[in-house]
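With these hints in hand, go ahead and build the complete structure from the sequences.
Going down the list, the protein sequences come from chains V and L.
Quick note on my numbering: the first sequence kicks off at -15 and runs consecutively.
Quick note on my numbering: the second sequence kicks off at 467 and runs consecutively.
Bear in mind the hints are in silico, worked out from the structure with no lab data behind them.
Be aware that a few hints might be false.
To be verified - Example chain L residues on the side facing chain V (calculated, C-beta under 10 Å, incomplete): (1) MET526; (2) LEU564; (3) GLU697; (4) ALA702; (5) GLU749; (6) ALA929; (7) GLY931.
To be verified - Chain L stretches covered by chain V per the calculated footprint, using a threshold of three residues with CB under 8 Å from any CB of chain V: (8) 578 to 589; (9) 673 to 685.
These numbers come from a predicted model, not from an experiment.
Positions of the beta carbon are idealized from the N, C-alpha and C atoms, including for glycine.
Each chain, letter by letter, is given below.
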Amino acid sequence: MGLARYIALRVAWAVVVSFIIVTLTFVLLAAAPNPSVQEAATQAALQGGDPQEAAERERELRGLNEPIHVRYVDYVVSVYTLDWGWSEHRSQPVTDALWQGLYYTAQYSIPWTILTLLLGPLVGLYSAANMYSWKDHAATGFAFFGYAIPNFFFAIVLLLIFGVWINWVPTYYQTDAPVFSLDNAIQLALPVFVLVTGSIGAIMRVSRNESAEFMNADFMKTAKAKGVSTFRAYAYHVLRPTMVPLSTTVVGQLLAIFWGSSLLVEVVFGIPGLGRVTYDALIAQDTNLVLGATLFFTFIAVVGNLIEDLVFTIMDPRISYDDR
Amino acid sequence: MLGLIGAGATVGLAGCTGGDPSDDGGDDGGDDDGGFGDSDGGVDHDAEELPEVGGRFTNMHHATFTTLNPLYNTEAGAGSAIGYALDQGYTFDADQELFPLLYDLWTEDGGNVWVFEIRDGLEFSDPYGQVDAESFVYQIEELHQSDWANTASSSDWAGINVEQTGDLEFQAELEDAELLWPETYTPLEYPIPKDLVEPYVDEEDDDGLRQNEELIELQFTGNLGPYVLEEWERGAGTRYVRNDDYYLQEADGVPHLFSNAPYFEELRVDIVEEEATRVGALEAGEADTADIPPDRFAEFQENPDVDTYTIPQPYNNILSVNMRDNGWNAGPGNLFQIKEFRQALACAINKEEFIAGVYRGNAEPHFTWQPQFSNFYPGEDDIPMFGVGDLYGSEVARDLAQDAFDQSEYDYHFDGDDMVTPDGDQVVLDILYFPGSATGQLRAEYTAQELGDNLGIEVEPEAIGGDRFNNEYWTADPEGGEDPDAGLTWDEPSPWNPGPRSVTSNESWDMSVVFGLNTYPRNPQANDVFFDGATTMYNPVGYYPEFDAEGLFADARSAESQEEIQAIFEELFVNLAEEQPYIMLAFPDDLVGYTAGLRGPIENFSNGWDFPTWHY
Chain V
-15 MGLARYIALR
-5 VAWAVVVSFI
5 IVTLTFVLLA
15 AAPNPSVQEA
25 ATQAALQGGD
35 PQEAAERERE
45 LRGLNEPIHV
55 RYVDYVVSVY
65 TLDWGWSEHR
75 SQPVTDALWQ
85 GLYYTAQYSI
95 PWTILTLLLG
105 PLVGLYSAAN
115 MYSWKDHAAT
125 GFAFFGYAIP
135 NFFFAIVLLL
145 IFGVWINWVP
155 TYYQTDAPVF
165 SLDNAIQLAL
175 PVFVLVTGSI
185 GAIMRVSRNE
195 SAEFMNADFM
205 KTAKAKGVST
215 FRAYAYHVLR
225 PTMVPLSTTV
235 VGQLLAIFWG
245 SSLLVEVVFG
255 IPGLGRVTYD
265 ALIAQDTNLV
275 LGATLFFTFI
285 AVVGNLIEDL
295 VFTIMDPRIS
305 YDDR
Chain L
467 MLGLIGAGAT
477 VGLAGCTGGD
487 PSDDGGDDGG
497 DDDGGFGDSD
507 GGVDHDAEEL
517 PEVGGRFTNM
527 HHATFTTLNP
537 LYNTEAGAGS
547 AIGYALDQGY
557 TFDADQELFP
567 LLYDLWTEDG
577 GNVWVFEIRD
587 GLEFSDPYGQ
597 VDAESFVYQI
607 EELHQSDWAN
617 TASSSDWAGI
627 NVEQTGDLEF
637 QAELEDAELL
647 WPETYTPLEY
657 PIPKDLVEPY
667 VDEEDDDGLR
677 QNEELIELQF
687 TGNLGPYVLE
697 EWERGAGTRY
707 VRNDDYYLQE
717 ADGVPHLFSN
727 APYFEELRVD
737 IVEEEATRVG
747 ALEAGEADTA
757 DIPPDRFAEF
767 QENPDVDTYT
777 IPQPYNNILS
787 VNMRDNGWNA
797 GPGNLFQIKE
807 FRQALACAIN
817 KEEFIAGVYR
827 GNAEPHFTWQ
837 PQFSNFYPGE
847 DDIPMFGVGD
857 LYGSEVARDL
867 AQDAFDQSEY
877 DYHFDGDDMV
887 TPDGDQVVLD
897 ILYFPGSATG
907 QLRAEYTAQE
917 LGDNLGIEVE
927 PEAIGGDRFN
937 NEYWTADPEG
947 GEDPDAGLTW
957 DEPSPWNPGP
967 RSVTSNESWD
977 MSVVFGLNTY
987 PRNPQANDVF
997 FDGATTMYNP
1007 VGYYPEFDAE
1017 GLFADARSAE
1027 SQEEIQAIFE
1037 ELFVNLAEEQ
1047 PYIMLAFPDD
1057 LVGYTAGLRG
1067 PIENFSNGWD
1077 FPTWHY
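The following block contains the structure:
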């Protein structure tokens, strides 16, 4: 099977997976009580009206009295045409809310991801090359410190030192700073630093251990015997095979921290990103926005898995598509 | 429901909290500033020389706004954000006098018919023209009084007959006369252009009205607010620029200082959820104002770059005790239903230590359903001061508890230091608290300790989320029904009073310090929502008054003079102090920091009423 066919099949599978998830969300949604119906009934009760009548009227207005298959078709069409409804909690279309959140999240998560992917394996490789020396311990200690200290706490401490006491950075994020400006870089320095220190630990440890396996491999001995430079030996003969198993870990981990860790950092630094959009929607029981966020992250996960598989095959030519 | 739940509350129904510059605050009837706080300081409204216009004012807020659509907003924070760009009808000044903004209103028949007189020269943005009586009457009749729009004010205007009587004048005829009607805020309306909402009225399209961009983005506000909203960045806050045409600059009967107001070129409200960051921004000089948590207030009082203010407010700290059938899970019967037992609880908690320990002294003790600054607060000789002096301590609490045991059909008693059940086990109760508020856990733990020390009850604090508490514990499906023993019928049950004591929430609970409630010091009549008999709209705890509360509220509604109202409410509050429907603990002050040198803030319930005149 060729690469193109493999990709086509993987993409088709991704579509099927997303369809299954969309269907499941519909089932859950249909089974849950609709808050707007409850709200209408409460409002009617407060005004001395008939709550039952108000609830019926609201159901009719929202199309909830339609047969379930009609509602399902409407729902699926809406999802795939990006008509994700209105966010009651933010008074804007769901797609706008997610887009705005992504706009701010991307500003710190892109540098965070790049730095993590660059620094994690490099520090791991450095540790492996100097295994059990003080350099290894220092690098490991640094990685573990970042991993162990809670992002939330670390962020507040750094904010206090650099924002309030020394006044090098603003205490909270200003959305009016242009994206590509020194002001924006300065105000994002602390969030990115906190996130990078929090996420390179695991990657560094995995890459250290993986690298260690290849340090004394036959092909490394051959390379050294041929007079290959140290840099080239590490970069081509150690780092590359190390990245193969690591790529699986990295994509999964980054997807997880993309949402979880970013929420806490967004709360501390006042960044109106995707983490806060989603969390606030959950707290406010903003069904449309929660659903939109779920679909968005589903899409990210499906695409992430796809990319992961493709990267896997490209990085290691020994992996074939035949059994897939 | 706006403004019902307040201090200590964790979910979004909070009403005005005096610390926010544009919050309207205030009370009626005040004749001096002694009650409602200090009206000294602030700005000199009659200064000859006007301040220069310039700079930016940055306000911090802790939560995002759900909507800025004036017709649908029910949040205090969003109300402030709207208020920077769009005035409402009136406010109350530092002397608690009604201060007309868009309109004045008065009654000449003892509160039955109220006349609204709109200022001339109020203009919407193009193409909507002048604000007139027709736009207000249309808004009230076609939106608030409709059965489809469900606006935030819809329950306020039910049964009120509104009539246009001139281009700039209309009147409202109430079902029952109400002398303190302005103080209920019911007549407080935003101006909304008729032409803007008419298409939605014709279609009965509430979604369209709710989602209209001109309403949400406040694009119609013309000269009607001190600032013009430039941008609402969801999640980040709002940005405004000065409104050069603000109508109060030319208005008659307003202090001279308004003639060039406002005095900041720019204004912004920045949303930062983390308290440490907000306080840090104030400390670093990046914000001009922020709330300060009690444990850091003393530190800021020493900070020369920040001016600190303690501002009285009407939301209380209470210990709610569940008198319904799923309360009192220690054993048979429910001792919370017995007045003397609630008094015993009140006597077991030292209010002064509570305030010192939880609020570092920045609160007032709470004895009856009014703060002491209220003009309706009864004399202290008339009410029992549970929790201080002779009415605090183990001995007095145990005596009252013993009285309650004697009235119970079950054999509760003291065994040594412990209060025990008929089975001989120590009474164990839970107390729910919200861990996200700065003081929630402290309040619960102090209460638990006092009830253990003074009444021998083992109290177990339990943390709970605010929404979960509200949905599963505090409210229930309205069922209605009868309580034959009490001779009561629930014809109009609500989620907050779903029926007799046999109708309960999904989860059982004993005590809670999660929510505090409003005490409405400007207009105590509004407290009928809590205490107008056992069947009143808001009674989650299942309290049955043992005095004629309904009769007193009815008397107050038909009262013809301020003095009569005063006497009725004083009687009401004496009875409530006696019965402790909720165990009353404290009124915490709002603790607010402003950048040093800001002229305007006052330690008064009405702080912020004149925000357009604030300046450096």
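Evaluated hints:
The criterion of a C-beta within 10 Å of any C-beta in chain V is met by MET526/L, whose closest approach is roughly 9 Å, and the hint holds. This hint is violated: LEU564/L has a C-beta 27 Å from the nearest C-beta of chain V, more than the 10 Å allowed. Against a cut-off of 10 Å between C-beta atoms, the interface hint on GLU697/L holds, since the closest Cβ of chain V lies about 9 Å away. A distance limit of 10 Å between C-beta atoms decides the matter here; for ALA702/L the minimum to chain V is near 4 Å, and the interface restraint holds.
Among the interface hints, the one on GLU749/L holds; its C-beta lies about 5 Å from the nearest C-beta in chain V, closer than the 10 Å criterion. Contact between ALA929/L and chain V, as hinted, is not supported at the beta carbon level, the nearest pair being about 16 Å apart and thus beyond 10 Å. At its closest, the beta carbon of GLY931/L sits 9 Å from a beta carbon of chain V; the interface hint therefore holds under the 10 Å criterion. Restraint check on the stretch 578 to 589 of chain L versus chain V: 0 residues with Cβ-Cβ distances below 8 Å, three needed, restraint violated.
Requiring three or more residues with a Cβ within less than 8 Å of a Cβ of chain V, the coverage given for the stretch 673 to 685 of chain L holds, as 4 such residues are present.
Of the numbered hints given earlier, the model fails hints 2, 6 and 8; all others are met.
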